[in-house]
Amino acid sequence: MLRVIAPGVLCTIQDLGRPDYQRFGVPIGGAMDRVACVIANRLVGNPITAACLEITAGGAAFEVLAPCVIAVTGGDLGATLNNRPLPAWTSALVRPGQHLAFEERRQGARAYLALAGGVDVPLVLGSHSTYLPGRFGGLDGRPLQMGDVIRPASSAFDPARLAGRVWPAPVDYAPLIRILPFHSLPGQPDLDDLTALPWRVGATSNRIGLRLEGARLHIERAGDLPSFGVFPGVIQLPPDGCPILLMADAQPTGGYPAIAVAIQADLHRAAQLMPGDEVRFAWTTRAAAIAAWRALNALLDSPIDMDDGIALAAAAQG
Amino acid sequence: MKPWRIRPMGEAALLIECMLDDIAEANARVLALAKVLPAQWHPLPAIHSVLVRFDPLRYTQAEVQAHVRDALAQATPGALPPGQQVTIPVRYGGEDGPDLADAARRLGLAPDELIAQHTARPWRVLMIGFAPGFPYIGPLPASLTLPRRATPRAAVPAGSVAIAAGMTGIYPSQLPGGWHLIGKTQVTLFDPTREPPASLQPGDHVQFVAIA
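Note that the protein sequences, when read in sequence, are chains Z and G.
Take the first sequence: its position 248, counted from the start at 1, is 248 in my numbering, and no numbers get skipped.
Take the second sequence: its position 94, counted from the start at 1, is 94 in my numbering, and no numbers get skipped.
Check before you lean on any hint, since a few could be wrong.
Only some residues are given here: those of chain G computed to face chain Z with a beta carbon under 8 Å [claimed, not checked]:
1. G10
2. P45
3. L51
4. R53
5. G129
6. P196
Don't read these hints as lab results, they were simulated from the structure.
Even glycine gets a Cβ: it sits at the ideal position worked out from N, Cα and C.
Looking at chain Z on its own, in the form it has when it is part of the complex (with noise of 0.2 Å):
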């Protein structure tokens, strides 16, 4: 059990998201980057499914409230365990009193804070993830403020089975998305610029799309299309020419035009961006696009490995 001392620049509690609602409006929301997500679950031993922190840039920080195994994968924010580094992608015991803080970017975006028996929030419309704009799911459909209590779903747990289980095969977050050709347009804008140039992702950027600033892509006929279903990884144009990376809590409908899709397998990259960062576009195939997509499931499923010695320890003094 955990207390919010400082909730930083956004903390959120997300799981894998509403894949069945989107036909109601409902964006598929989610982890951002959920390949952290799901190794974070599997390192305390939760199912993948399971409720974690997105925890976004830096200055969150916490106070254990009551001994839990938890895991901090994805962006590295600088954790810390009163005040010693904490190592990432390694699950650990932490007791009450303890101080767990997420200081300052120092790579990627979003880290992602799993809790042995999983954060005990509702499931609204069969998940627990947070939908900001539509003030639902989540803690009472709002970010994570000050005073918070975050209750683990189920305590029973073994510390000594779950702490100090280290994930074995590094994530690779290189900013480099790969993409498929898409065409909603006859008159399709020239887009050698999209690939040729590198990309700055915008201020504006959010948990809906990141906004992508450098060149200017002209479109003919820009604007009113009739609206058709979109997800994450479709690039919007709109009339401006910057285009647009749809992330987790895109709408499930758009009516600008698409002119790319990124590749699933790279969309917990486009995740670990931050307005300022740098990304580059490159064509891909549908075969090459499959390939990724299953090395990324098979690097999911990897086998746990188990450092004894904070096993024991925590056995110990658990």
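Use these hints to put chain G onto chain Z, whose structure you have.
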């Protein structure tokens, strides 16, 4: 098969578009198709298209495409279950519909004539999208067709009834929006604690009724 176009959208989705020009006819076909596609592909009907998403490690694109073609053969709009008939009471104009007079003027109508046309008959819910529970209702006749406002509002109040682009819609919650606001309703359109969460579904018939 002629009026349909099926295109991959990335490696894990297909967009199935009905190419008929008549929006009402295209939408009826799209809704009939969405009803017969397997739930595990999350069929998402829009105005004139259906999106399906699938795991490319479980299904090849060719398998999904073949299944969609079979579904197109079975899906006939006549087989659609009749939608619910829903009455939406609306207070038109004034603070509830700040754009009523301006929209009427652009359409060359008196405000009362615009209201009379908007309430003249039931319209069909063509799709839910943009935001949780937001219904796109129509198609409206040319006499009620306006482009979106040049400058969208940052915050449109919940319950606002609006017209734009040949359709009418209802904002289920406070949202940014570029449609012309002609009235407001007290009806709750979206509640995440209900199942289903949206009170209107594609294929439903909406009758607007003017109240004082």
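Structure-based check of each hint:
no.: 1; hint: G10; result: 3 Å, holds
no.: 2; hint: P45; result: 7 Å, holds
no.: 3; hint: L51; result: 3 Å, holds
no.: 4; hint: R53; result: 6 Å, holds
no.: 5; hint: G129; result: 3 Å, holds
no.: 6; hint: P196; result: 6 Å, holds
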